[in-house]
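Okay, so the sequence shown: first residue is 3 according to this note's numbering, each after it adds one.
Be aware that one or more of the hints could be misleading.
What the hints assert, rightly or not - With a Cα cut of at most 25 Å, we get these calculated DSS-like pairs of lysine-lysine: (1) LYS288 / LYS300; (2) LYS288 / LYS225; (3) LYS179 / LYS123.
FYI, nobody ran anything at the bench for these hints, they're computed from the structure.
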Amino acid sequence: MILTLNLNCSLDKIYTVDDLPHGGVARAKTLQNTAGGKGLHIANICAILGEDYVVTGFLGGHTGAMIREILDARHMHHDFVPIAGETRSCINIGTPNGKQTEVLEKGPDISAAEREAFLKKYEELLEKADIIVGSGSLPQGLEISFYTELIEMARRKKKKFLLDTSGATLKESLAAKPFLIKPNQDEIEMLLQKKVSSLADAAESVRHFLDMGILMPVVSLGKNGAAVGWQGDVYHAMPPVCSVVNAVGSGDAFVAGMAIGLSRELPFTDILRLGSACGAANVLEKESGFVRQENVEKIAGDIQIKKL
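The task is simple: from the sequences and hints, build the whole structure.
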């Protein structure tokens with residue numbers, strides 16, 4: 003089973019407009035409310051691809067209740083810790099040229115009692131899981147080392163922990179050696195304080211993390227695929243060109259595919275192929291963190307993988 007963590011959930015309000023003038027008025031052509039957050043995106047893709055999973059984290063207030071209703075309507079497996087604060091909302095505004103503008107709320111403040119309630123639930127759920135995916139930002143009230151604690155708890159039970167976060171939280175968590183990390187090009191430049199302007203630069207960054215003891219480091223390169231390390235080697239996975247409808251959630255889809263491949267104990271290249279196909283299939287959809295199984299299967303056959 004895959005245990006996916008969404009510690010800072012959101013209700014995503016996705017608008018499409020003809021134009022987004024700075025300081026002007028934009029009239030929405032469409033509006034879609036979805037259960038958002040990286041961990042929920044991963045759970046959604048697990049459900050679509052028929053993988054056993056459960057998603058946990060924190061939910062509170064009217065927004066949290068709306069998210070529960072959305073998840074229940076989709077028959078998704080969730081086990082959230084209730085909190086006193088209001089779960090955040092996030093806004094995504096898309097224009098016909100494919101550009102998207104996001105407004106992200108900070109989210110609620112987690113109390114000490116709520117933190118402890120989550121750790122108790124996490125320890126219980128760890129018993130059933132073989133893969134844990136921690137993704138996204140930490141809500142207010144949780145210390146920057148919180149993922150480190152979760153990684154170490156998973157390691158004690160011999161579980162693989164995949165971490166998809168960024169900035170200071172990622173930097174703080176590296177010493178705990180999660181099984182997989184997935185910074186993108188901008189994040190890796192901030193983390194290592196060096197420019198990543200080529201595939202060779204990305205491969206060098208991957209080798210840096212391999213040397214640190216991270217078993218499957220990934221550097222996401224957007225439309226240029228991903229550089230991935232495994233057993234001392236670095237590979238480049240390149241998806242086919244896809245017509246982008248909505249790129250938000252593609253990184254989450256990639257991680258979901260990798261997690262599913264690991265849970266199914268596929269060969270490494272098949273794991274990478276599945277992750278890359280899920281990431282590419284996501285851009286074809288209006289909804290973030292959503293893929294169609296037939297698209298994943300079709301794209302997987304067109305993924306180019308080479309050892310660098």
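Structure-based check of all given hints:
In summary, the hint linking LYS288 to LYS300 is supported, as the alpha carbons are separated by about 19 Å, within the 25 Å threshold. Restraint check: the Cα-Cα separation between LYS288 and LYS225 comes to about 18 Å, which is no more than 25 Å; the hinted pair holds. A hinted pair counts as satisfied when its Cα atoms are at most 25 Å apart, and LYS179 with LYS123 qualifies at roughly 23 Å.
Taken one by one, the earlier hints all hold for this structure without exception.
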